[in-house]
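So the sequences go chain by chain: A, B, C, D, E and F. Heads up: the first sequence runs through residues 1 to 131, numbered per UniProt numbering. Heads up: the second sequence runs through residues 1 to 131, numbered per UniProt numbering. Heads up: the third sequence runs through residues 1 to 131, numbered per UniProt numbering. Heads up: the fourth sequence runs through residues 1 to 131, numbered per UniProt numbering. Heads up: the fifth sequence runs through residues 1 to 131, numbered per UniProt numbering. Heads up: the sixth sequence runs through residues 1 to 131, numbered per UniProt numbering.
The hints are simulated quantities; they were obtained by calculation from the structure and are not laboratory data. Computed from a predicted model, the values in this text were never measured in an experiment. Even for Gly, the Cβ is constructed at its ideal location relative to N, Cα and C. A portion of the hints provided could be inaccurate.
[As the list claims (entries may be wrong)] Derived lysine-lysine pairs resembling DSS-like cross-links, with alpha carbons at most 25 angstroms apart:
id	chain 1	residue 1	chain 2	residue 2
1	F	K130	E	K54
2	C	K130	A	K130
3	A	K54	A	K94
4	F	K54	E	K130
5	E	K94	F	K130
6	E	K130	A	K130
7	B	K130	D	K130
8	C	K130	E	K130
9	A	K130	B	K54
10	B	K94	A	K130
[To be verified] Some residues of chain A that are not near chain C, with every Cβ distance over 10 angstroms (derived):
id	residue
11	S8
12	D22
13	V32
Each chain is listed here by its residues.
Protein chains: 6
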Amino acid sequence: MAVVPLLSDEELSETARAVFDDIRRVRGTDFVNNFWRALANDPPLLQATWERLKVVMAPGALDPLTKEMIYVAVSAANGCEYCCHSHSASARSKGMTADMHGELLAVIGMAMQTNGIVNALQVPVDEAFKA
Amino acid sequence: MAVVPLLSDEELSETARAVFDDIRRVRGTDFVNNFWRALANDPPLLQATWERLKVVMAPGALDPLTKEMIYVAVSAANGCEYCCHSHSASARSKGMTADMHGELLAVIGMAMQTNGIVNALQVPVDEAFKA
Amino acid sequence: MAVVPLLSDEELSETARAVFDDIRRVRGTDFVNNFWRALANDPPLLQATWERLKVVMAPGALDPLTKEMIYVAVSAANGCEYCCHSHSASARSKGMTADMHGELLAVIGMAMQTNGIVNALQVPVDEAFKA
Amino acid sequence: MAVVPLLSDEELSETARAVFDDIRRVRGTDFVNNFWRALANDPPLLQATWERLKVVMAPGALDPLTKEMIYVAVSAANGCEYCCHSHSASARSKGMTADMHGELLAVIGMAMQTNGIVNALQVPVDEAFKA
Amino acid sequence: MAVVPLLSDEELSETARAVFDDIRRVRGTDFVNNFWRALANDPPLLQATWERLKVVMAPGALDPLTKEMIYVAVSAANGCEYCCHSHSASARSKGMTADMHGELLAVIGMAMQTNGIVNALQVPVDEAFKA
Amino acid sequence: MAVVPLLSDEELSETARAVFDDIRRVRGTDFVNNFWRALANDPPLLQATWERLKVVMAPGALDPLTKEMIYVAVSAANGCEYCCHSHSASARSKGMTADMHGELLAVIGMAMQTNGIVNALQVPVDEAFKA
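Make a model of the complete structure from these sequences and hints.
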């Protein structure tokens, strides 16, 4: 259970309802996942988060699938259960194959491993890497 | 300064020297960065880390640039200074443009933001996201 | 389920029972939550943690509600499920309204977001910010 | 040094210049700190971050000083050097005394400590804490 | 539920089956825990992880129980639920008593606490501590 | 530079001076490292931290060197630069050899790696691991 109630469609404020309508329109599905139902308790935060998410995750210099995998990587490093589930599902829906998933996991594992060793050793940054 | 000495080429054990030779051969440069010079204090760890890194970061279902950006994302979430510098430099050398970098940052920021909010709210995972 | 048994009142050592008595007295309720029941497996750790918590969370230069919200913020950043639940409940019991909760979430999200971007960019500290 | 150049006022794009003007206007000082100079490499990210920050950190149900202390708490948990420096400086400028700072540190320390212990023990959430 | 299916013995590829056989042989038990059943979806990652784990956790300059407690400590700091459960169970099976567990928790708590305070204060490293 | 001034012996309050005297007595050296000089700005926090540290790091069911290595492991996972430096130095002074340091790093790296993969996959805890 969440720290706040997950609002049903019937419990939404007017602002929240408009955001839900837009989520449904953009995603082409009636399904609105729990993250938005939790945020709906605070309509301005719901709206700001959704508006920003639409911009950030849109196709651009990086394709949407790459963005989802980067999202999973951050979520794994932060140990965010919900985020790992939801963005892995999203990555799959955007074309992540089992092979790609396997390589994503391998890179996450490698980065975590060297992060831990580098932090433990406090390796100084090479001059060559500085801007 | 590091927690351990950063070994110069003259201070390497035989095993470490062979790893450095391979790093230089694979990367096509004489430059060997501080991470490897720190790990050279423990030749088996140096060797195991390099051998695994070669496999994980090789082209596969994901291209090497995507892998470097995933590496940066994990490192940013973990707050690993050296890793952010070294893998951002590596990503640039593999073709990351300023636009791509900007979008990488935006996704990292978005993921961190929602990770924090989701953790604070402990949003339960939707059934639809489960395998 | 926890990594250790959650001790019932009947299973407490003498030291643990005295701590539970003090928890009940200070909080004015018979309810003792699972954190203390897990710690009760190690009475000296239970006692030291409770004694320190009483001091740290007492009214002082900061009021107890502000302290609870800071606690939630740290717990969200660390992804501690239990801590997010228990300290959000505690903050509500000390007067956190839905509006305050929404703003707490927004600040947590904003801080996480800029933390990730700053880490990824390794922004050097301005001289003006140093003590 | 940062992963990207820190742009001087002379190097700003038109969008970035407008954001810097607004930062100076809102804060009532000519000083623009390094975070914004790093973000200026990506004007849309700069603009979105500043616009959202203005909203999130404005007075509301929580006062600006409480918000800054929550920001420091998240930054400490994430180990973000720049963020700890900049938001501690900001908290001081908004009235955080040495006593308040000491209590902030004590709460951060207490929360980190119990986060670690709770994670190690995987304490299950009490039914009473669920929404 | 996991993000990927947990493969039963009947669903394993040939490579995965060989790894499972080795896990059973080395551990002297028929029980293969969920971590390996999740990794079995990507046999090369399964194999590389198991081969490295065998080397890293083997008796050496540090005894296996000390290694397990270090593993728990990292997992607690990272908030990894599964890892805290599995490596605490493993530490117990290698001789960790309730007293040792209590002291492990106390050290984890102390380290988390000072990590948070040190990060919040950005204490500069003493010259005496540098290699 | 730190977020607060690092107090010299001449700037200490009476309480802080008494703690510094005890640190010098217990450690048998005149050297007092920066962490305590930063905490000295808040004498009650200084005193509480030192009193608890003495208890937690004392010999008990775990020996002091094992405790220092656990401390390093937590600090590496949290990316606490100062803590990695100071507790690695302390571990060396208590007998950590280069071989032991190498194995400590290998376990930290392995744990970080599997933490990241387990979080990304959200592997469910086996019944066998529950208390």
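The hints, checked one at a time:
1. K130(F) to K54(E): Holds. K130(F) to K54(E) sits at ~24 angstroms (cutoff 25 angstroms).
2. K130(C) to K130(A): holds, 22 angstroms
3. K54(A) to K94(A): The given pair, whose Cα atoms are some 15 angstroms apart, holds under the 25 angstroms limit.
4. K54(F) to K130(E): holds, 24 angstroms
5. K94(E) to K130(F): holds, 16 angstroms
6. K130(E) to K130(A): Given that 25 angstroms is the threshold and the Cα spacing comes to 22 angstroms, the pair holds.
7. K130(B) to K130(D): holds, 22 angstroms
8. K130(C) to K130(E): Roughly 22 angstroms between the alpha carbons, so the hint for K130(C) and K130(E) holds.
9. K130(A) to K54(B): holds, 24 angstroms
10. K94(B) to K130(A): holds, 16 angstroms
11. S8: holds, 17 angstroms
12. D22: Consistent with the label, D22(A) stays out of reach of chain C, its closest Cβ about 20 angstroms off (over 10 angstroms).
13. V32: holds, 19 angstroms
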